[in-house]
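2 protein chains.
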Amino acid sequence: MAGPVTLSQVAREAGVSLATASRAINGSANRTVRDDLRERVLATAERLRYFPDANAQAMARGQTTSIGLIVHDIADPYFSSIAAGVSLAAERAGLAVTLASTQHTASREPRFVEVLTRQRARAIIIVGGRLDDPEANDRMRSSLVDFRRSGGSVALVGQPLLDVDSVVIANSQGAAALARALHGRGYRRFAVLGGPAKHLTARDRRTGFAGALEELGTPIDPALVVECDFTRDGGYEGMRALFAGSPDVDVVFAVNDVMAVGAIAAARALRISVPGDVGIAGFDDIVTLRDITPALSTVRIPLVDVGVTATELALAPPAADPRQVHVEGTVVLRESTPERVV
Amino acid sequence: MAGPVTLSQVAREAGVSLATASRAINGSANRTVRDDLRERVLATAERLRYFPDANAQAMARGQTTSIGLIVHDIADPYFSSIAAGVSLAAERAGLAVTLASTQHTASREPRFVEVLTRQRARAIIIVGGRLDDPEANDRMRSSLVDFRRSGGSVALVGQPLLDVDSVVIANSQGAAALARALHGRGYRRFAVLGGPAKHLTARDRRTGFAGALEELGTPIDPALVVECDFTRDGGYEGMRALFAGSPDVDVVFAVNDVMAVGAIAAARALRISVPGDVGIAGFDDIVTLRDITPALSTVRIPLVDVGVTATELALAPPAADPRQVHVEGTVVLRESTPERVV
DNA sequence: AGGCTAGTGGAAAAGGCTTCCCAGCCGGTG
DNA sequence: CACCGGCTGGGAAGCCTTTTCCACTAGCCT
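Read top to bottom, the protein sequences are chains A and B.
Residue numbering for the first sequence is 1 to 342, as defined by the numbering used here.
Residue numbering for the second sequence is 1 to 342, as defined by the numbering used here.
FYI, nobody ran anything at the bench for these hints, they're computed from the structure.
It is possible that part of the hints are untrue.
[As the list claims (entries may be wrong)] Rough simulated footprint, nothing fancy, chain A against chain B, three-plus residues with beta-carbon under 8 Å:
id, region
1, 33-42
2, 70-78
3, 97-103
4, 146-156
5, 260-272
6, 319-327
[As the list claims (entries may be wrong)] Among chain B residues calculated to face chain A with C-beta under 8 Å, some are:
id, residue
7, Gly211
8, Arg240
9, Ala244
10, Leu289
11, Ile292
Cβ atoms here follow ideal geometry from the backbone N, Cα and C, with glycine treated the same way.
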């Protein structure tokens with residue numbers, strides 16, 4: 001009685017066979033259904049409010065219509081922007097997105113991969129910097145092998161560590177370009193809020209920045225590269241720690257915007273004027289943070305595009321070897337690092 | 001050969017029947033499997049890297065393990081915070097979340113409901129203020145009827161318009177409390193960046209605010225309630241429009257934080273000092289915006305909790321009549337609206 | 001010792017859909 | 001006029017699980 005309407009009901013009601021009803025509704029390739037029958041079926045389906053069961057279709061066709069998205073934290077604007085891109089691209093491709101937010105817990109990642117393996121998702125998009133944790137990466141790699149054996153493809157946004165197609169953000173180059181731009185504005189005494197030691201995205205940005213400074217002949221004092229969380233609070237605490245030593249610094253590079261915001265808050269608490277006493281720069285150019293005061297110098301990453309690209313990559317016909325798409329950032333200098341009058 | 005491992009393969013390999021293998025693996029109720037057999041099956045499954053096909057399980061059990069989440073824009077921190085809550089609650093319940101982001105296009109909503117109907121999702125969580133658009137709401141209601149006929153339940157975050165369980169945010173009361181607090185701080189000449197006319201959340205906040213002012217004996221001039229988009233740019237343009245008339249105003253209430261940020265940016269462009277010349281307050285207390293300057297007075301809504309609550313509501317055993325859970329906001333006064341010396 | 005019950009394994013049905021394959025009918029062709 | 005091929009409808013197999021139902025064994029009670 002109750003329960004969803006099935007195709008059999010539609011077929012019976014329309015006076016045709018199951019096969020014909022199916023063909024009428026999803027217009028099978030290389031088979032045609034006589035016009036009057038097709039219309040009758042369509043009208044009946046509409047009248048009965050028939051909606052094909054995607055699970056049954058998935059079984060019959062051996063293919064689902066969903067892709068998985070794994071992020072560290074969907075509430076973080078970095079990830080939610082990329083998620084917006086994934087969602088957009090998925091909709092274009094007629095696919096549904098299954099969202100998994102790991103809350104920064106590495107052990108959840110393979111678990112979610114397994115969930116998506118069971119769902120037989122067409123593809124998984126993994127977003128978020130890898131950690132320098134061989135064991136965790138191995139576990140991930142092995143989950144992904146299982147997933148791909150079950151027919152899915154994978155794309156990664158971040159370091160191309162997992163032997164899968166990757167969208168690689170030019171963290172190192174972006175940070176280097178930022179360093180040169182800051183140097184060009186007259187800054188000479190640099191410090192870095194460097195994020196977690198094992199966080200590869202943070203590391204790439206740190207080393208890119210430091211490398212460029214080295215080349216410019218103003219190498220950074222390693223003591224002025226402080227380790228901290230990759231979050232707003234990390235930036236806050238890092239800044240406090242840094243200035244506890246009253247260092248000789250005219251600009252601080254936080255390895256992401258959210259941390260830079262924390263750093264600015266800390267500066268305020270410490271009565272250090274930004275940019276009067278010290279300039280601050282971030283990375284990512286998070287949209288929501290474009291209006292903070294002082295406006296933040298940063299490296300713009302086209303996050304939504306990154307999401308779209310990753311999705312397209314995952315959905316493209318598989319290649320023999322892992323592909324890599326490189327995405328460049330653009331340095332955006334704003335008030336937080338004005339021209340420095342020496 | 002290729003393709004995912006099936007239960008039959010496991011059963012054959014372990015030398016038991018399909019039935020036994022199934023029972024061994026998901027420990028069927030009121031049936032036991034002899035220990036040695038169970039272990040053999042489990043070991044084989046592990047060795048073969050068997051992952052049950054969720055689609056097939058859904059068919060056989062007549063129940064899926066996914067819930068749908070429909071938001072206006074996943075990149076907006078308001079929605080992504082709620083999404084974080086939904087994701088959390090879903091994980092606890094062992095369910096996967098299918099994400100749909102409508103990009104503020106009302107016509108996409110029923111389409112996504114249909115997608116979720118086909119997936120036979122257990123529940124749908126719809127987040128986002130309704131519009132005062134009877135036709136769109138009717139279409140939505142009718143999609144939801146189809147969805148529920150196919151066995152799913154629905155919860156809504158927003159105005160309880162769609163005859164479903166709802167988490168109702170006390171927009172009007174929150175705005176009223178904010179108005180009283182601002183009045184208490186000495187403000188008397190109010191303006192409102194009111195959002196879109198038909199946007200019900202915006203409307204509730206506007207009218208709650210205006211109502212309280214009326215009661216306080218300082219009614220707001222309707223000309224000083226400006227209509228604008230519900231976004232950062234809306235706030236920016238609204239503020240410009242408002243001050244184009246050089247109004248006699250000492251505080252501006254933007255109906256959400258993102259708009260308030262836009263308003264502050266506009267004030268800066270117009271060389272209006274905040275809070276020197278005019279105070280600004282928002283609504284939502286978006287985490288990412290807690291560090292802007294000046295720190296924003298606002299009404300804190302526990303967004304993550306809202307997501308959790310909505311999910312729990314949707315997953316609770318169905319009730320005869322639509323339930324409503326009310327969520328109160330808390331006024332948080334910060335630097336953007338200091339005590340006003342008259 | 002015979003009959004029960006409890007415990008357990010397995011065959012088979014069911015769940016909704018797609019698609020292969022067969023059959024019927026049409027018109028056209030030699 | 002018989003045959004052939006193209007078009008189209010329908011029966012049935014197959015996708016992978018769960019679960020019902022049946023069969024069988026072993027142990028217990030009277």
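For each hint, the structure was consulted:
no. : hint    : result
1   : 33-42   : violated (count 0)
2   : 70-78   : holds (count 5)
3   : 97-103  : holds (count 6)
4   : 146-156 : holds (count 4)
5   : 260-272 : holds (count 5)
6   : 319-327 : violated (count 0)
7   : Gly211  : 30 Å, violated
8   : Arg240  : 14 Å, violated
9   : Ala244  : 20 Å, violated
10  : Leu289  : 7 Å, holds
11  : Ile292  : 5 Å, holds
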